[in-house]
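Asks: Using the sequences provided together with the hints, build the complete structure.
The UniProt record's numbering puts the first residue of the sequence shown at 1, with every later residue one more than the last.
Everything labelled a hint here was simulated from the structure, so no lab data went into it. Do not take every clue at face value.
Below, simulated DSS-like cross-link-like pairs (lysine-lysine); rule was C-alpha separation at most 25 Å, straight line [said to hold, decoys possible]:
| no. | residue 1 | residue 2 |
| --- | --- | --- |
| 1 | 251 | 299 |
| 2 | 193 | 167 |
| 3 | 193 | 266 |
| 4 | 251 | 293 |
| 5 | 293 | 266 |
| 6 | 266 | 251 |
| 7 | 251 | 193 |
| 8 | 299 | 266 |
| 9 | 146 | 91 |
| 10 | 266 | 286 |
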Amino acid sequence: MASTRRPTYTSTGRTGGHGPHGTGRPDAAGEDAVISASRSVPEPETQKPGKAGKTRKAGVPLLGRGRKAEQPADSAANVLAFPEPKGKRRKRTVLTVAATLLAIVAALLAGAIFSPVLAVDTIAVSGTRLLTPAQVEAALEPLRGKPLPQITDEEVGRLLEPLVQVKSVSAEARPPSGLAVEVRERVPVALVKQGEQYQLVDVEGVQLASTADPASVSLPVIDGGAGTIGQDLFRATAAVLGALPADVLAKLSNASAQSVDAVELKLVDGQTIIWGNAGEKELKAKVLAALLKVPADPKNPVRVYDVSVPRHPVTR
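Replies: If you want it as structure tokens, here you go:
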């Protein structure tokens, strides 16, 4: 048999509260609603003594859910459009300006490289002694009409390779149509007799020119020549001659070598220079130049200058 006793409620001073002892108006409809809510959604927090006024209302979670469900499905209409950051906009502007400048510079360079206004019309040659400027200009004829920015030292050097006298070369553009070419020739250090002719050779044995009168050239004659005395002896002798200053070289009449350690030189007045090997050739050259500057003694003329040991030279 069901109980007819009605539930009692203890008032907390506020209506609408809920919890284990929640209050409300004791009508039938309110009773069912409160009991149903407290059973289906249990309150996670317990009421503490003295804190009754701060308990949550039982209907708040339910009302909150209802409001959330009533929100419109299309939330895109509520998205706000924010302006682009200044840093990003500035970076894009800088990149655009840089790309424009690069394009302009590239166009100007292309115009300069291929413009016929800068085509070579005149070639000025300097530094020649064994060669004539006309010989160099003739070898560089293919450069005429070519734009100056396209010409390099390497290209000029390739065109001058057939001229063995040229050791190195440098070119300088002189706009609008001039090209200056400076030639550095090989230096002849000796004469080598071949038949009736004497060949001028440098320290590497490269034949630079020829003459029928050796007296017209202030260079010593290598006895036997490169073909007779052998390549090793020739290179040792040529290396010694290449180390001598021009004024000493002009005083020599001939050079010879019995071995790579026994190079001898002869002066035009008949004096002999014992050089030894090619070691310390720079120091030996300085010592010999100093000895030749010593005033001659008529009573004791020097016949031999021995610089084979340059730190202890001997004259006799």
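Asks: Any of the earlier hints contradicted here, and which numbers?
Replies: Hint 9 is the one this structure does not satisfy, whereas the remaining hints hold.
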